[in-house]
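Asks: Protein chains in written order, with this note's numbering: chain A, 1 to 115; chain B, 116 to 230.
Keep in mind the hints are simulated off the structure, nothing from the lab. Every residue, glycine too, gets a C-beta built ideally from N, C-alpha and C. There may be inaccurate statements among the hints.
[Unchecked claim] To spell it out: a stretch of chain B is covered by chain A in this simulated footprint if at least three of its residues, at any positions, have a beta carbon under 8 Å from a beta carbon of chain A; those stretches are:
id	region
1	152–159
2	217–227
[As the list claims (entries may be wrong)] DSSO-like, lysine-lysine: derived pairs with alpha carbons at most 30 Å apart:
id	chain 1	residue 1	chain 2	residue 2
3	B	K152	A	K11
4	A	K11	B	K157
5	A	K17	B	K157
6	B	K157	A	K15
7	A	K57	B	K186
8	A	K57	B	K152
9	B	K152	B	K137
10	B	K157	A	K57
11	A	K17	A	K57
12	B	K173	B	K137
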Amino acid sequence: GAGVSQSPSNKVTEKGKDVELRCDPISGHTALYWYRQSLGQGLEFLIYFQGNSAPDKSGLPSDRFSAERTGGSVSTLTIQRTQQEDSAVYLCASTLGPQPQETQYFGPGTRLLVL
Amino acid sequence: GENVEQHPSTLSVQEGDSAVIKCTYSDSASNYFPWYKQELGKGPQLIIDIRSNVGEKKDQRIAVTLNKTAKHFSLHITETQPEDSAVYFCAASLESNFGNEKLTFGTGTRLTIIP
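With these hints in hand, go ahead and build the complete structure from the sequences.
Replies: Written out as structure tokens, the structure reads:
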């Protein structure tokens, strides 16, 4: 079946502009994660959604970052007033449920470049 | 919070030889240790995982060992093939207050198999 999809695959923007990144999780998956992968670094947790529960926002680096998940499916990560240090690959992952140690399935990522 | 260190950052291995990647973690409460493979332009994909009640796990040419006392775990790939060339990430997991797996990733190892 279809995996996790993300759009756009690449995004170039100017410093100070807002960007929206989209994630479509695997159908039926109730949990969704966003990560940031900077060049030469590991994946940095940003935010977690599980069903209708309050999201775990503990990884968001600043108040310029926010995310929504509408209808328990598609999620949008918004970065306001982008800065050059926001340049990275933004990865989305989903899991079937909230059970601990479930496999996270990753999308291909959105490569964001802030000029 | 958890801190995961991964070594080496790059590794070149002759085809057919073995490759070993090592990780250490800081939080003794971590209880789940997945390994991900990331090919160019793709999201990470789980290749093997190990839980804290197990010392070793093997899946064909891939094995993972865990030493909880020393807080380190390793990935072993035997009989390496060109398609094993990729970036490999280790991770350690704590269950957060939100019930999700909070994965902390290592910084990655770029493995190159030399034909």
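Asks: For every hint, state whether the structure bears it out.
Replies: Cross-check of the supplied hints:
1. 152–159: Contact hint for the region 152–159 of chain B vs chain A: holds, 4 residues under 8 Å.
2. 217–227: holds (count 7)
3. B/K152 with A/K11: holds, 24 Å
4. A/K11 with B/K157: holds, 16 Å
5. A/K17 with B/K157: Status holds; Cα separation ~26 Å.
6. B/K157 with A/K15: holds, 26 Å
7. A/K57 with B/K186: Given pair A/K57, B/K186 holds - Cα atoms ~28 Å apart, limit 30 Å.
8. A/K57 with B/K152: holds, 26 Å
9. B/K152 with B/K137: holds, 14 Å
10. B/K157 with A/K57: The given pair, whose Cα atoms are some 25 Å apart, holds under the 30 Å limit.
11. A/K17 with A/K57: holds, 22 Å
12. B/K173 with B/K137: holds, 16 Å
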